[in-house]
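Protein chains in written order, with our numbering: chain A, 1 to 308; chain B, 1 to 389; chain C, 1 to 338; chain D, 1 to 255.
Watch out, some of these pointers could steer you wrong.
[What the hints assert, rightly or not] Sample of chain B residues facing chain C (criterion: CB under 7 Å; computed from the structure):
no. : residue
1   : T37
2   : E85
3   : A89
4   : D179
5   : K182
[Unchecked claim] Okay, derived cross-link-like pairs now, DSSO-like style, lysine-lysine, Cα gap no bigger than 30 Å in a straight line:
no. : chain 1 : residue 1 : chain 2 : residue 2
6   : A       : K143      : B       : K251
7   : B       : K138      : B       : K195
8   : B       : K99       : C       : K162
[To be verified] On the chain A side, residues computed to face chain B include the following (Cβ under 7 Å):
no. : residue
9   : T4
10  : N8
11  : I229
Please keep in mind that the hints were generated in silico from the structure rather than gathered at the bench. Cβ coordinates follow ideal geometry from the N, Cα and C atoms, glycine included.
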Amino acid sequence: MLQTFVQNILNALQWGSFYSLIALGYTLVYGVLLLINFAHGDVVMVGAYIAFFIASLLLGHYSFFPHALPGGVALVLTIILTMILTAAVGVSLERIAYRPLRRKGAHRLYVVITALMCGLILENGNLALLGASRKKFPEMVDKVVYNLGPISVTNLKIAVILAALLVFILLQFIVTRTKIGMAMRAISYDKFAVPLMGIPIDTVIVFTFILGSSMAGLAGILFALSYPILDPYMGLSIGWKAFIAAVVGGIGDIRGAFAGGFILGFVEIMVVAFFPSSYRDLFSFTILLLILTIRPTGLFGVPKTTKI
Amino acid sequence: MKKIFSAFLFLLLTLALAVPGLAKSKIIRIGFNIPLTGEIPKVGESSKYAAEMLKADINGKGGLQVGSEKYLLEFIYEDNESKAESAVAVAQKLIDRNKVLAIIGPNSSKQAVPAGEIADMNQTPMISPWSTNPDTTKDRPWVFRAAFLDPFQGPVAVDFAMEQFKAHKAAVLYALANDYSKGLAEIFKNDWEKKNGKGSVVAFESYGDKDQDFSAQLTTIIAAKPDFIFLPNNYNEVALIVKQAHDLGWKGPFMGSDAWGSAELMTLCGKDCIGQYFSTHYAAAGATGATKEFIDRYQAKYGYVPDDVAALTWDATRLVLQAIQDAGKLTGNVRKDRKAIRDAMANIKSFAGITGNMKFDDQGDPIKCAVVVRINDKGEFVFTKSVCP
Amino acid sequence: MKQKLAVPVLLFALLAVVMTLVQFEVIDLYIQTIILFIGINIIISSSLNLVNGHMGEFSCGHAGFIAVGAYVSSVLSVALFAQDRIFGAPLLPPQYTVYAFPVILVIGGLAAAFAGLLVALPSFRTRGDYLAIITIAANYIIITVIINIDKIGGARGFMGMKRVVFAMEDTAAIPWMVLWVFLFTILSIIAIRRFVSSTYGKGIIAIQQDEVAAEIMSVNTNKMKLIAFMLSSGLAGIAGGLYAHVIGYVNPKSFDILKSTEALVMVYLGGMGSITGSILSAVLFTLLLELLRPLQIIKWIVIPLLLIILMQFRPEGIMGNRELVDIFPKLKKFYRFK
Amino acid sequence: MTVLKITALTQYFSGLCALDNFNVELRAGELVGLIGPNGAGKTTVFNLVSGFYRPTSGEINFLGRSLVGLKPHQVTIHGVARTFQNIRLWNEMTVMDNIRLAHHGNLQYNLRDLFFRTRRYAEREKEIYQRAWHLLEVFNLADHAEEKPKNLPYGMQRKVEIVRALSSEPKLLLLDEPAAGLTSKDTVELIELIKWIHRHFETTIWMIEHQMKVVMSLCSRITVIDFGKTIAEGTPEEIRNHPEVIRAYLGDDQI
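Okay, chain A solo, but in the shape it has when bound:
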């Protein structure tokens, strides 16, 4: 029983890491623009596909580039390139779809709907371009299963958990310690004060999308490495749930997204471990509702006091 429990803690840590990584992207954009970027889950999907193509290229799977790089080098290159390209995708979404709407002063929720539509285009565009076959992500590093008695861990699992932790520390540092990070936080309070700090608003927003989308790219690679089957709708369900995690943590707060992701991961895994698994969604969402009932603005969310 104890072994099962410890094993499940490890499972939950890995699963929670993914929710955290994706929730961080939601929360960054939300913190700056108050925009629920519903396309974020699909940006993760795009990240995974980009990683797939780069990895296949670097491992010499395509005939026009028949030089296979060693797995480790290929992995590092894939991570870097994927993060850059996914960031480009995220920024283009913002430039093409969100910014013009914002300029026109559209209601916030119209931008949210636009984000939903962008998500649909990414999914179905992928389907139309690449066909309905799912893609198998290549194995870039040799999997090692460590057996500590009855408990099993893979090197990948450890890497995922570490990556989530590192990303969190990095983002927390950027947001609290750097000038542009402070501008990001300031912008949600007062749009007009930020230019006074000497940073144009659009720069801050683009930077936010770069950060958020590159994290989505990273999440995409790690996801593809852990669950190596890619299909155009893979980002849908995890995207919605990560959004829920971000809100339970207190949307707009980096710590909140991080904690919320792990909480959702733990709740889901533990419900399955100790209750009939068919009740998972029922139990886990009821627990989340209870958390929100006790703390209506999430764990780290500051209650928004309207000045009367």
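Position chains B, C and D against the provided structure of chain A, taking the given hints into account.
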């Protein structure tokens, strides 16, 4: 404002006019109600490819010989988006608009059950290649299917596992929101416990829609120490489950169902799936005759080994064409022709399909054999055993 | 006075024409099905608009309430009027269907309204995006509950409603579903219109624009939220009941979050807080989905693209928060005194 | 007759004392002022009276009935109306609807009347409409009845907000800095308006104001608070020369 209104009206009008009108005679029109978008686009694609291949074959020979005349085939593919209401609208459209003689599809039961109602009500023969829910054909004389039913496949898996693995304790992991998976899991559990005593299914776990992480369920299953794990799941999920189970230290065997039978299984699953068994409609490796020919041609044309949906669609469509030929002649009166085709379908004595010989029982369900295949080191599905009803 | 009767007369004439056309098979079943879907979608979008548009919340779980209505009314009508494996012989003779059906639909609506409490009660304390999460969670919870009840089919879905429809048609051979969908669509629109045009109902618009001011100007905001959520989900439940009987089969997967996003799209396409906008967008959206079907996969790229482009030109939806009469003031004389 | 009697009202916000032992008594027909430097706790007093906060301790008695624990809308139904420092009108509704909605707490019809459009519904809606119309005419706003408040000049928005508060026929009207953000010309008009309201409506008025000119020319009595404590009370003349007040406003080193 008014401009936008009129622009929209204009757009709608043009689109309405663009919908194709009625075509000329000497054509047999068959509708395909398949999911080209939505949750399972691959299923729709396989169906479409198989049908395209068949159509090219027959039209290449100048058409289908019915009685003394030759008819060209026209297949109309409509996308049901994997949605129930869409499948209903598509069925209506194919019947009323396109005046098809018969409908192939929908494939998954969520769409096939309501679309079957429409077909039955409008007296149009429909055959679902893949649906396994008994409701699809139950009390519907106009609706048929090409796949065998869960109540047959479940015991096949039970008997095979008991014999092959000498197993007494089984574990099941199924997809909660997938009626196929859930139904088969329950039938398997009942049958297993009937034969091995109560409590011999030591773990009966489920997961949700579009899940990718199964570690918690697998941890529970592995802790219960079953002799093997039964996975009545779609191949894409199977690939993830098997891999994660190995990550968690599982070394025992898996047993699967016909939903494993996709060409993609091995590309997705790789070496983790080698050596596992599953029950299915046909064994691609070592196939002979028409089956082999179909597999080779499909692979040459589309680049991958056809999955069971493709094979079943091929059979379903050929069944319909066979029935049209059996009917003797086409009158041109759609209602009469549909009736003749339905009667001919119900009366098919024996049909040699690439997924085995079959005929229909009085519910419109096929009586055919199931095979159990093993995945060999080359990733081929090798025939192991055949079970007939 | 004559002019004020114009709208009812027009509606009645439209119903009569559609019924006759259907009765004499001038329009085929396909068109008929699409007309029915349009009606159902109108109820769905305008009822969601009550919460998302007029009250300004962001409810993303409308499909959950549609599911409750669909299941409750289906189970009731099948249990009462159809031979069924689960519920056995019909409890009432078939000629009662005609009278019982609207009652069953309303009961389905009431059940959905009670499910609406799941969202309405938390709305007292939370707003905005936090409430959005609660609605999504409510959607997931409802679907999971249905999947776990084996008695009503679980993941396999539930059917038999067509037999009830047939029983109605056996009693009197007219296209009953066309009649019911038409009737309930009109009734829903009237109910919503009457609600938001009254001083009482305007309370929810006040909540949308400034909740603090609403509270201080004697609007019982909690009660208004409760009423708005329950009315909205209740109407969604009625739409669900109609949907179930038109299709003849319900499956929990048909009411997942994707269905909710469709409803959202219709609301924001039409314009927040515009009833005519919701009607228009429901018609447009349903027709677009049908007409673009030949495009297959491309359809699901074209439709979002169209919507994105539309929003760039009209960032407030087709109608904004205006009604048709605001654009064509001449129509005003056809309406009664507000 | 005493309209409002506040005794020992104290409010803490997470350990911070916002208001300490505040007492006041307003008699019918009075026009009283509440002044103090920024952050002194003036708006807190209004928020406590109108029910947005529940006081830590103390009693608020309005016409013999305690207001403590009531929700804002219940307080309003009992006859206390207020305006806000930063105007809080419903900007997307017409001016007319803004005024009509003030009757929300006293509609006298139920949902059945609403959905079936009964006679009672029609009569009540007509009555509310006519009353609102009358009020708009009295205040020369009838021309703007169908406009949206956001399109009106700031001074007029202020006026609409006051009219909205009045239309619920309050016995006590709380005005929170009505002159904030107004031009000097508008301020003069505002003073006249408040005087006029005070003469023609049977309502007691209690106002917070920053501009001495406004308070001094309107109020018969003034309370001064600073850091949550009452530091002075009296007629405008007495307040003008009160040393504590001067210190609070100008700082210690001035003396």
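Now the hints, each set against the structure:
Evaluation of the T37/B hint against chain C yields a held restraint, the C-beta minimum of about 5 Å falling below 7 Å. Proximity of E85/B to chain C holds as hinted, the smallest CB-CB distance being about 6 Å (cut-off 7 Å). Hint status for A89/B: holds, given a least beta-carbon distance of 5 Å to chain C, under 7 Å. At its closest, the beta carbon of D179/B sits 4 Å from a beta carbon of chain C; the interface hint therefore holds under the 7 Å criterion.
The criterion of a C-beta within 7 Å of any C-beta in chain C is met by K182/B, whose closest approach is roughly 5 Å, and the hint holds. Restraint check: the Cα-Cα separation between K143/A and K251/B comes to about 16 Å, which is no more than 30 Å; the hinted pair holds. A distance of roughly 28 Å separates the Cα atoms of K138/B and K195/B; the hinted pair therefore holds under the 30 Å criterion. For the hint linking K99/B to K162/C, the alpha-carbon distance of about 23 Å falls within 30 Å, and the restraint holds.
Using the Cβ-Cβ criterion of 7 Å, the hint placing T4/A at the interface with chain B is satisfied: the shortest such distance is roughly 5 Å. The closest approach between the C-beta of N8/A and any C-beta of chain B is roughly 5 Å, which is under the 7 Å cut-off, so the hint is satisfied. Contact between I229/A and chain B, as hinted, is supported at the beta carbon level, the nearest pair being about 5 Å apart and thus within 7 Å.
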